[in-house]
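Since each chain comes alone in its own frame, lean on the hints to assemble the complex.
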Amino acid sequence: MCSLEKRGNLFILTLTGQNVEHRLNPEVLSSIISALSRAKAESTRGSALVTVSHGKFFCNGFDLDWVNATGSKQEAQQRFDYSLDCLTQLVQAFISLPMPTVAAVNGHAAAAGVVIPLCHDYVVMRRDRGVLYVNDLEMGLKIPELYMAFFRAKTSGWALRDLVLRGLKIKGEELLKMGIMDAVYDGEEGVINAGMKMADDLARRKWDGEVYAEIRKGLYSEFCGMLGIASKAIGTPKL
Amino acid sequence: MCSLEKRGNLFILILTGQNGEHRLNPNLFSSIISAISRAKAESTRGSALVTVSHGKFFCNGFDLDWVNAAGSDEETQKRFNLLLDYLKQLVLAFISLPMPTIAAVSGHATAGGVVVALCHDYVLMRRHRSVLYMIDLDLGIKIPEPFMALFRAKISGSARRDLLLRGLKIKGEEALKMGIVEAVYDGEEEVTNAGIKMADDLAKRTWHGDFYAEIRRGLYSELCDILGIASTPIATPKL
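Heads up: the sequence lines are chains P and C, in that order. Taking our numbering, the leading residue of the first sequence gets 1, the next gets one more, and so forth. Taking our numbering, the leading residue of the second sequence gets 1, the next gets one more, and so forth.
Take every hint as true, because none was put in to throw you off.
Facing chain C, according to a computed beta carbon distance under 8 Å, are these residues of chain P, among others:
#	residue
1	ASP136
2	LEU137
3	GLY140
4	LEU141
5	TRP158
6	LEU160
7	VAL164
8	GLY167
If you anchor each label on the Cβ, the simulated ranges turn out as follows:
#	chain 1	residue 1	chain 2	residue 2	range
9	C	GLU145	P	ASP81	31 to 39 Å
10	C	GLU74	P	ALA183	57 to 65 Å
11	P	ALA183	C	ARG166	30 to 38 Å
12	C	LEU84	P	ALA41	52 to 60 Å
13	C	SER96	P	SER96	35 to 43 Å
14	C	ASN81	P	ASP186	55 to 63 Å
15	C	ARG129	P	ALA230	47 to 55 Å
It should be emphasised that the hints constitute simulated quantities derived from the structure, not laboratory data. Positions of the beta carbon are idealized from the N, C-alpha and C atoms, including for glycine.
Here chain C stands alone, though its shape is the one from the complex (with noise of 0.2 Å):
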């Protein structure tokens, strides 16, 4: 499942379970989701949220195994669509919180796990053992409108199309190149420790979170606007 650290001002959500796959079914995707929602619930200002992992993944995709295990096809696609829905509802979640976000990815990310990954303000990335793969097209699975307008907002020209449309496991070093990442590490550990360090340099800067999760909103204004997320009015400036 996964489990929230808090650590000083810093917010530490450590995917973990599914056989070190991670994989994202109801269970995990719901204490995802309610952790996210306690660091909503105990931030202050300087507060900053990283996702780390151990092991060979930093999450998986979907859990597919759980999908096909449904009694029929009509049950297959309806488990799918609960899992998108989910992954909707935690692209929500992530783009609402009121603090710096960053993820450390020291394993591989499939699909949704890229998903997830791209949902933080910042992504660290391992040099070596860490490929990120859109698996989508190879697999022959369309990607959603919400989730295309993640990627467009994320990333921009032939990066966007590499990431999608090119059916590649993309290592750190191009993943730097691209623009996707901030930065790559040897090693789990020190990504880790960098991401760790990355949340503390940024919660030090005390902003006010609601304030940053509005102007984060506007780098995502049409995946907002396709989730229903509207803007809230300003406030009166504090001149």
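Excised from the complex, chain P in its bound form (with noise of 0.2 Å):
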């Protein structure tokens, strides 16, 4: 499932099991939920979350053959659009999240593990090896509107094009250049390293969560404006 160690002011959540795929199924997602509102109920100025995993992919997508494991196509579509659901609801917990977040991709992340990333306030990946690949398109798969505001939030233009309607398994260099990724590095300890150094920086900031948070849902104003989660006004600013 994933693990959460609390470092000094750092949270470290580390993507396990399923096959070192990650795959991501209704319990996975309940994990990771809690594991967020675990950091969440600790956090203080000053905290910072680095999501991280270990091995060949960060995050494969919605476990396949749990979805399929059932008697009928209707049930198997009803598993599936609860993995949709669960996303859902870790989304909204990651863009709620009254903290820096920072996510180290050090393997392939695909389909929805697109998403898991994409959440985080900022990206660093691994430069040798690696892709992002939204593959909705090769499988036959209508991206569902929540998910093309997301991607939308995140980027625009010729680079928006390229991550979801050109069946690409997009490099980390390339993912710079589409302002997707911030940085990249070399070797899983390489970009593990620089995901904790930067969330160690951001922490420095000892900003109000609660105030970082609400800014962060205006970047997602269109996604968020769907669950019904909009930025609420915030009190009288301390001049």
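And the structure:
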């Protein structure tokens, strides 16, 4: 599933399980959501979270074995829809988290798995290994409206087109050019250490977590609007 | 007017007529919209469309001679508004077309002609002898909202400002840097062939046209809202 470690002011969320592909099913998604709740409960000024994983995959999408292990097509559809709902709850949890978040992507992220790193404020990736692959078009799947809004919040223009409409397996350097990645590093250790250092640097700013989360929601205004979690007005500014 | 040629899986739309300027009037508009309908009717998995032209111009905008040949100021305005309506229909037709689209811009594109080029998923351009020129500002003509939404969807940041608000004649290399075009080529034949090759490469992915068009509409969500194009519900995923 996942594990949450506290190191000083940093929360380190490690994706594990599911045969190294770290695939998502309701159990895994609940486990990550719980971890985020714990981080939120223990957060203070100067908290930050970094999400890491080890091995070939960061997150290879939904657990389609679980989805398909049912009696009927109808039930498979239900399991898929349920997975999608759980993913949406997870995205909400990330977007509402009252601290800066960094994803250190050391391996492949595909389909629904692409959403996970992109819910973080900052994404660093390995230069030498790992691709982002939005394969919905290849699979003959429509990307739900809500997730199109999510992608639109993250990128635009030709970069958005290349992310979702071109069936590309996109490497770190290209994602950097597209403005989707913040930096690339060599080696698993390189990217994880960089992710932690970045989270640390952000933590040092000692921002008010609630204010941080509200401003962040404004970046995803369309998406948050669709989910009904629009930004609320902040109280009197302390000038 | 225009002609539509089928070559294997490719639809090749050739802009012609109007003394080589391929200016947009009701005849050319109707002819292009019909051609797109035909391509849609004959489309299969693995279809693609490339739009080409020959000579000095790709498309030199609205046929202002026709607009101004009206009897009165009121009639002139009516004719202009009619062309705007046609342009909206053309944009709608292109963004609903269930296959990848490429514009091989081998000559100048002005105002409405820029819109025609940008309706395509990918734009290739000639390095020399070809400019994109949003002449509207210089002529004192406002750019109506639906088309502003198209520009907002396609181009970001300072590139968008430079295209619309600076009266620039943007050459191939500049358009490439601005992220407006995908690649530039020397010579009309080179860019036309490159367009055909790119269409071919995209066609080989044999994507489902309906899913392609649905995902594409997500890139233009604001434009689709303005034009009243609703999204269709998610189909059952073939897992």
